[in-house]
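> Now for the letters of each chain:
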Amino acid sequence: MKIKTLSAIAAMLVSTPFVAVADEADKDANLVVNGEVELVTRAPAPAHLEGAVDEVISGWLFRTSETQSLQMDDFDNPGMIFVDQAMDDWGTAVGSEGKSCADCHGAVEDSMEGVRAVYPKWNETAGEVRTVAQMINECRTDRMGADALGYTSAAMARMEALISMQSRGMPVNVAIDGPAQETWEWGKELYYTRTGQLQMSCANCHEDNYGNNIRADHLSQGQINGFPVYRLKNAKLTTPHGRFKGCVRDTRAETYGTGSDAFVALELYVASRGNGLSVEGVSVRN
Amino acid sequence: MAIGVKPRVKAPKTAEVGEVVTIKTLISHKMESGQRKDGDGNVIPRSIIHRFTCDYNGVNVIDVEMHPAISTNPYFEFEATIPEAGDMVFTWYDDDGDVYTTTKTVAIG
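One line per chain: the protein sequences are U and W, in this order. Note that the numbering used here gives residue 178 to position 178 of the first sequence, counting from 1, and the numbers run on in steps of one. Note that the numbering used here gives residue 1109 to position 109 of the second sequence, counting from 1, and the numbers run on in steps of one.
Do not rely on the hints blindly, as some may be mistaken.
To be verified - Now the stretches of chain W that chain U is said to cover, found in silico as 3 or more residues with beta-carbon under 8 Å:
1) 1023 to 1036
2) 1051 to 1062
Said to hold, decoys possible - Here are the simulated lysine-lysine pairs, DSSO-like style, with alpha carbons at most 30 Å apart:
3) U/K236 with W/K1037
4) W/K1030 with W/K1006
5) U/K188 with U/K245
6) W/K1006 with W/K1104
7) W/K1006 with W/K1037
8) U/K233 with W/K1037
9) U/K245 with W/K1037
10) U/K245 with U/K121
11) W/K1010 with W/K1104
12) U/K188 with U/K236
13) W/K1013 with W/K1104
14) U/K233 with W/K1006
15) U/K233 with W/K1030
16) U/K236 with W/K1030
17) U/K245 with W/K1030
18) W/K1010 with U/K233
19) W/K1104 with U/K236
20) W/K1006 with U/K99
21) W/K1006 with U/K236
22) W/K1030 with W/K1010
23) W/K1104 with U/K27
24) U/K245 with U/K27
25) U/K236 with U/K121
26) U/K99 with U/K236
27) W/K1030 with U/K99
28) W/K1010 with W/K1024
29) W/K1024 with U/K233
30) U/K233 with U/K27
31) U/K233 with U/K245
32) W/K1013 with W/K1024
33) U/K236 with U/K27
34) U/K188 with U/K233
35) U/K121 with U/K99
36) U/K121 with U/K188
37) W/K1037 with W/K1013
38) U/K188 with U/K27
39) U/K121 with W/K1013
40) W/K1024 with U/K236
Rather than coming from a laboratory, the hints here were simulated on the basis of the structure. Every residue gets a Cβ at the ideal spot worked out from N, C-alpha and C, and that includes glycine.
Go ahead and model the full structure; you've got the sequences and the hints to work with.
Below you can see the structure in the form of structure tokens.
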């Protein structure tokens, strides 16, 4: 009797590792959406990362195969619901000027192609680096006579998602030299600055420890090529600044504001760390 | 009508007779459970899709009853055997009395 129980326990012990394997990320998977759009999820690191990392890896490769497969079919990808909604917004006139996005920009497929891949980008008129979200709000307040959208609001996130979809498959290629360099340097400084009671910088997790677990979380490189991202944990789209805020908060620090100059600089720097990876349109993560 | 409700269906346009096809459906809906409270402490009234059906040429394929624990944007994936060419009618029933319908036509060949 006793022997029987023991052998049952032994059988359980033997089988346990196999259960664990089923939950693990498929690190060698290829990301092909709808069986036709092939996305680059591993690329040689850009020159400015020499000595830090050799290869840049999309967060998609750090997720479980179930989560991975959600992104491989647009019907299964819950983020596409929001893209559809933004498509309706695109053609809807708002504000005192009675204009919609489409009245000036025409078809989003043509006018916004490639935009997401090069933003944040130096804006000559404004004399500063601007994000896609800031450009959307500039259009709304200056040209449409409408109220600015909340920087990380649902309406903003889905409009960013729609714009991002028009660059899906293109390599991220933000400029870090020229007039943008100063902002980029600041972003780099922020990336390596330890914050909060836990005294952790972005780099502590996403450069030094990616691939390891922090409690139950499998740390990725913190790439933002897949943003806006549909997060299964809150069933909605998350923007880069929303995510930055969450990360900084988790170091138990007072966070920078979403849309603040500091986060714009950080977004430029983090985006540049993913130069060479594909824009994923709307990604799915846990 | 609840805001932002949009039914979506992915079904093959053609199939062989007797073929088993996979059908995916999703309806964007907030699925408010009726358990939550707003900022002032008032209960937010329940508003969910409580039933989903699929019929093929008048024959029922699937009939699903839903309850408040179903999360936002309910997604159903199921298989159906195609006996002949015809119309597949998908129907969602909302708590507020609205009924959303989508039809997909399947040809043989």
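> If you draw a straight line from the CA of W/K1010 to the CA of U/K233, is it 30 Å or shorter?
holds (25 Å)
> Confirm or reject the coverage of the stretch 1051 to 1062 of chain W by chain U under the rule of 3 or more residues with a beta carbon closer than 8 Å to the chain's beta carbons.
violated (count 0)
> Within a Cα-Cα threshold of 30 Å, do U/K236 and U/K121 meet the stated pairing?
holds (26 Å)
> Decide if the proposed pair is consistent with the structure: W/K1030 and W/K1010, CA atoms, cutoff 30 Å inclusive.
holds (21 Å)
> Taken at face value, is the distance from the CA of U/K236 to the CA of U/K188 at most 30 Å?
Holds: U/K188 and U/K236 sit about 29 Å apart, inside 30 Å.
> Hint check: W/K1037 vs W/K1013, CA-CA at most 30 Å. Holds or violated?
Distance ~44 Å between W/K1037 and W/K1013 Cα, so the pair is violated.
> Quick one, are U/K121 and U/K99 close enough, alpha carbons at most 30 Å?
With Cα atoms ~25 Å apart, U/K121 and U/K99 stay inside 30 Å; holds.
> Given the hint that W/K1030 pairs with W/K1006, test it: the Cα-Cα distance must not exceed 30 Å.
holds (11 Å)
> Starting from U/K233, check that the Cα of W/K1037 is at most 30 Å away, please.
Cα-Cα ~20 Å, so holds.
> What's the verdict on U/K188 and U/K27, does the C-alpha distance respect the 30 Å limit or exceed it?
holds (28 Å)
> For the pair supplied as a hint, U/K233 and W/K1030, confirm whether the alpha-carbon distance does not exceed 30 Å.
holds (16 Å)
> Please verify whether W/K1013 and W/K1024 have alpha carbons no more than 30 Å apart.
holds (13 Å)
In this structure, the hints that do not hold are numbers 2, 23, 37, 39, in rising order.
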